[in-house]
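Enquirer: Listed below are the residues making up each chain.
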Amino acid sequence: MIAMEHYIILSTLLFAIGMYGVIIRKNLLMLFFATEIMLNAVNVALAAISNYYGDLTGQMFAFFIVAIAASEVAIGLGLLIIWFKRHGSIDLDTLKSMKG
Amino acid sequence: MIELIAFYTFAFLTIASFMVVVTSKNALYSMSALASGMILISGLFFLLNADFLGVVQLIVYTGAVIALYAFAMIFFDTTKDIKESKSSKMIFLLSAFSSILLVLIMTMPMASGEVSALYPVHQGVGNAQDVGMVLFTKYLIPFEVAAVMLLVAMIGGIIMAGKKMDANINEMKEELEK
Numbered sequence: 195m196i197a198m199e200h201y202i203i204l205s206t207l208l209f210a211i212g213m214y215g216v217i218i219r220k221n222l223l224m225l226f227f228a229t230e231i232m233l234n235a236v237n238v239a240l241a242a243i244s245n246y247y248g249d250l251t252g253q254m255f256a257f258f259i260v261a262i263a264a265s266e267v268a269i270g271l272g273l274l275i276i277w278f279k280r281h282g283s284i285d286l287d288t289l290k291s292m293k294g
Numbered sequence: 003m004i005e006l007i008a009f010y011t012f013a014f015l016t017i018a019s020f021m022v023v024v025t026s027k028n029a030l031y032s033m034s035a036l037a038s039g040m041i042l043i044s045g046l047f048f049l050l051n052a053d054f055l056g057v058v059q060l061i062v063y064t065g066a067v068i069a070l071y072a073f074a075m076i077f078f079d080t081t082k083d084i085k086e087s088k089s090s091k092m093i094f095l096l097s098a099f100s101s102i103l104l105v106l107i108m109t110m111p112m113a114s115g116e117v118s119a120l121y122p123v124h125q126g127v128g129n130a131q132d133v134g135m136v137l138f139t140k141y142l143i144p145f146e147v148a149a150v151m152l153l154v155a156m157i158g159g160i161i162m163a164g165k166k167m168d169a170n171i172n173e174m175k176e177e178l179e180k
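Residue numbers (our numbering), protein chains in the order written: chain S, 195 to 294; chain E, 3 to 180.
Isolated chain S (complex conformation) (with noise of 0.2 Å):
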């Protein structure tokens, strides 16, 4: 039997490299797939804490986040469309169209 920990660590590698490609990512499709990578990893861990507390609440939390991811991916890709047909790029240097 593997302890909830193992599962704990796994699910924190993983978001440790979801944030990682958020942060060094310049192409906006990149930062999409990284935080997909984030939403998973948040899944593995509330799967785990259901397992082991022998509790359901974890599992539909983790239907609902994907839900959420289904329909994030929907409108952001939408709106990555939009933005690649104006300006012919998707880096994230082109969106700097608010200078402070």
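These aren't lab readings, by the way, just hints derived from the structure by calculation.
Backbone N, C-alpha and C fix where the C-beta goes; we use that ideal spot for every residue, glycine too.
Fair warning: there could be bad hints in the mix.
Below, in silico cross-link-like pairs of lysine to any residue (SDA-like), each with a Cα-Cα straight-line distance of 25 Å or less [said to hold, decoys possible]:
1. S:Lys220 to E:Phe73
2. E:Lys27 to S:His281
3. E:Lys165 to S:Gly248
4. E:Lys165 to S:Ile276
5. E:Lys165 to S:Ile218
6. E:Lys165 to S:Ser283
7. S:Lys279 to E:Tyr31
8. S:Lys279 to E:Tyr71
9. E:Lys140 to S:Gly248
10. E:Lys165 to E:Phe78
11. E:Lys27 to S:Ser283
12. E:Lys91 to S:Leu222
13. S:Lys220 to E:Ser97
14. E:Lys140 to S:Asp249
15. S:Lys279 to E:Ile161
16. E:Lys140 to E:Phe73
17. S:Lys290 to E:Leu96
18. E:Lys27 to S:Ile218
Some, not all, of what chain E presents toward chain S, calculated at C-beta under 8 Å [unchecked claim]:
19. Ala13
20. Met21
21. Ala74
22. Tyr121
23. Asp132
Stretches of chain S that chain E covers, calculated by requiring three or more beta carbons in the stretch to come under 8 Å of a beta carbon on chain E [what the hints assert, rightly or not]:
24. 226-240
25. 272-286
Knowing the structure of chain S, use the given hints to seat chain E on it.
Expert: Frame of chain S; chain E shown alone:
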């Protein structure tokens, strides 16, 4: 024993494929690695007795989300390499710090020891049946709201991606300059 082997196999492969996602310079490699990582994570869900969640992960993530990304890549130029910003020590420290913070937040209730199951798993009942019972009795309103949210997202995605689908990119640029 077999559980241990399965866990470590899935864990290392997931970490490896997600590392490819965040470090690869090619968007197509990145997307393929993301798809494989999602499938491996569903293996972890099956190990955790969350059968229904594993199936949802397979269908929604590797089926719908990755297919959506693949379709969106038709619009973008994915053949050229992606430029990245410079990474520093600070970034590693920041991401590690935030991850540890998340873990602390999630484990704090367990450390207090006052955790009791709100909706306990029933013995002798399949996971899908159990999930269905809880989802349609205790979480019915969030479920309906999520359904409306998905509908809104679908309509929004169609309108945004389908707008001026036949228009030339250069014509749109000229229109913007006016």
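Enquirer: Determine for every hint whether it applies to the structure shown.
Expert: Hint check results:
1. S:Lys220 to E:Phe73: holds (21 Å)
2. E:Lys27 to S:His281: This hinted pair holds, its Cα atoms lying about 21 Å apart.
3. E:Lys165 to S:Gly248: violated (48 Å)
4. E:Lys165 to S:Ile276: holds (8 Å)
5. E:Lys165 to S:Ile218: Given that 25 Å is the threshold and the Cα spacing comes to 31 Å, the pair is violated.
6. E:Lys165 to S:Ser283: holds (18 Å)
7. S:Lys279 to E:Tyr31: Roughly 23 Å between the alpha carbons, so the hint for S:Lys279 and E:Tyr31 holds.
8. S:Lys279 to E:Tyr71: holds (17 Å)
9. E:Lys140 to S:Gly248: Holds - the C-alpha atoms of S:Gly248 and E:Lys140 are around 17 Å apart, at most 25 Å.
10. E:Lys165 to E:Phe78: holds (16 Å)
11. E:Lys27 to S:Ser283: Holds, at roughly 16 Å.
12. E:Lys91 to S:Leu222: Holds. E:Lys91 to S:Leu222 sits at ~22 Å (cutoff 25 Å).
13. S:Lys220 to E:Ser97: holds (16 Å)
14. E:Lys140 to S:Asp249: holds (13 Å)
15. S:Lys279 to E:Ile161: OK: S:Lys279 and E:Ile161 at ~14 Å, within 25 Å.
16. E:Lys140 to E:Phe73: violated (36 Å)
17. S:Lys290 to E:Leu96: holds (23 Å)
18. E:Lys27 to S:Ile218: Given pair E:Lys27, S:Ile218 holds - Cα atoms ~12 Å apart, limit 25 Å.
19. Ala13: holds (5 Å)
20. Met21: Holds - the Cβ of E:Met21 comes within 8 Å of chain S, reaching about 6 Å at its closest.
21. Ala74: holds (4 Å)
22. Tyr121: E:Tyr121 check passes; min Cβ-Cβ to chain S is 5 Å, inside 8 Å.
23. Asp132: holds (6 Å)
24. 226-240: holds (count 10)
25. 272-286: Holds: 11 residues of the region 272-286 of chain S have a Cβ under 8 Å from chain E.
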